[in-house]
Each structure stands twice: as structure tokens, then as C-alpha cells.
Amino acid sequence: MTTIAVVSAGLSEPSSTRLLADRLAEAAVVAVEADQPDGHVEVRHVELRPIAHEIIDAMLTGFAAPGLAAAQETVLEADAVVFVTPVFTAGVSGLAKSFLDVLDKDGMADVPVLLAATGGTARHSLAIDHALRPVFAYLRAAVVPTGVFAATDDWGSEADSAALDARIRRAGVDLAWAVRASRRTPQRADVLAAPTDFASLLGGLGH
1 MTTIAVVSAG LSEPSSTRLL ADRLAEAAVV AVEADQPDGH VEVRHVELRP IAHEIIDAML
61 TGFAAPGLAA AQETVLEADA VVFVTPVFTA GVSGLAKSFL DVLDKDGMAD VPVLLAATGG
121 TARHSLAIDH ALRPVFAYLR AAVVPTGVFA ATDDWGSEAD SAALDARIRR AGVDLAWAVR
181 ASRRTPQRAD VLAAPTDFAS LLGGLGH
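Read in order, the letters of the sequence shown are residues 1 to 207 in the numbering used here.
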């Protein structure tokens with residue numbers, strides 16, 4: 001089974017950030033199941049807004065309260081992560097960055113990650129590349145090439161909505177490819193955990 005943790009850092013309820021997160025999760029499930037027909041995908045949602053106080057407390061004390069601890073576990077144990085944040089003044093929300101600050105710095109290594117953001121105007125669209133990717137690069141996550149930014153206008157006209165749909169589908173395919181190639185998948189992990197010993201390799205040379 002493949003597990004996908006979908007992290008939404010939206011501050012309002014309901015929020016366009018959660019809406020985009022749901023759309024991306026659906027696209028990722030379709031793409032992963034198409035890529036692995038015999039596999040099952042489970043989506044686990046992590047909403048940061050309800051645990052905002054716990055995140056700040058953890059930054060001050062170094063201790064994770066139960067809600068935050070559960071969110072951290074969901075993200076760090078997932079086979080892939082979809083991370084969606086609103087953008088304010090060309091930067092990701094403080095809530096999103098603070099959550100990343102209290103994650104285990106080694107826990108995201110090699111995890112396939114799909115990045116996305118929402119904002120009022122397309123002028124914020126580069127925030128994914130200049131504000132989010134460097135953080136996940138520091139965490140050594142395997143970030144997929146396609147990031148998805150949705151401005152207010154993208155939810156409006158039919159043409160804009162169709163263009164957003166296309167980006168979402170492509171991002172889902174990217175994530176499915178990254179999951180298949182990931183060193184964190186069970187198949188790859190089994191191979192790495194039980195390498196062929198040197199004596200066996202030498203023994204094969206005589207045949």
C-alpha cells in the first residue's frame with residue numbers, strides 16, 4: 001500500500017488551499033494507481049490550522065503535543081507528501097514554515113514531495129520555487145518538477161480552470177513517477193536492506 005500525506009496550511013475555513021490539496025490528492029491517487037495497478041493508495045490529510053498553537057509551542061519548548069506529534073508521524077511515515085500553502089506578500093505562510101521547522105530534519109530524506117500554493121494573484125506564483133523548494137532541498141526531499149500554483153482567477157473562467165486541471169494532472173503523474181523511483185518504496189528498501197554479500201558475488205564468477 002502507498003500512503004500519501006496531504007498537508008494543507010490554509011488559514012481560513014473553508015479555504016482554497018484545502019480545495020487545491022484535495023484536487024492534487026485525487027490526481028495523485030489516480031496516477032499512482034494507474035502506475036501500480038495492483039497497489040492501493042491511502043490518503044492521510046494533515047490540517048495545520050487546528051494545531052497552530054501546538055506548532056508554536058513546539059518551537060518555543062521543543063516538545064510536540066499530541067496533535068502535532070500525530071501530524072509529524074503522518075508526514076514522516078508517508079511514502080509521498082503533497083504540501084500546499086497559501087502565499088502572502090510573495091512568501092509562504094508562517095504556519096507552513098513553522099511546521100517544517102519542527103519536523104525531524106532527517107525524516108524527509110528521499111521522500112517524494114509535490115509542492116503547491118495558492119494566492120490572490122499570479123504575481124505570487126514564483127513563491128514555490130524561491131520560498132518552498134529551498135526548504136525541501138535542505139530537508140533532502142525528492143521534490144517533483146511540477147509545482148502547482150492556483151491564483152484566484154484560476155478558479156473562475158472555464159479556460160483558466162481547464163489550465164489548472166492540466167497542471168494538477170501533470171503534477172499527479174510526476175508524483176506517481178517519483179513514488180515508483182523512490183528509494184523509500186518497500187521494494188527498493190528490501191533490496192537495500194539485504195545486499196548480496198561479496199563471497200556470493202565471487203562464487204558466481206566460476207559459472
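Hint data in this document are derived by calculation from the structure and do not stem from the laboratory.
Source: prediction; values computed, not measured.
Where is the CB? At the ideal position from N, CA and C, for every residue including glycine.
Treat the hints loosely; a few may be bogus.
Simulated restraints, written as ranges between beta carbons of each label pair [stated by the list, open to error]:
#1 G62 x D153: 41 to 51 Å
#2 F88 x G156: 15 to 25 Å
#3 R123 x G62: 17 to 27 Å
#4 A69 x D22: 36 to 46 Å
#5 A69 x A163: 38 to 48 Å
#6 V30 x A137: 25 to 35 Å
#7 P37 x R123: 19 to 29 Å
Consistency of the hints with the structure:
Look at G62 against D153: about 42 Å separates their beta carbons, and that is inside 41 to 51 Å. About 21 Å separates the C-beta atoms of F88 and G156, a value consistent with the hinted range of 15 to 25 Å. At roughly 37 Å, the beta carbons of R123 and G62 sit outside the given window of 17 to 27 Å. Evaluation of the 36 to 46 Å hint for A69 and D22 yields a failure: the beta carbon distance comes to about 24 Å.
Checked against the hint of 38 to 48 Å, the C-beta distance between A69 and A163 comes to roughly 39 Å, which is consistent with it. A beta carbon spacing of about 28 Å between V30 and A137 agrees with the range 25 to 35 Å that was offered as a hint. At about 42 Å, the beta-carbon gap between P37 and R123 misses the expected band of 19 to 29 Å.
Of the hints listed earlier, those the structure fails to meet are numbers 3, 4, 7, in rising order.
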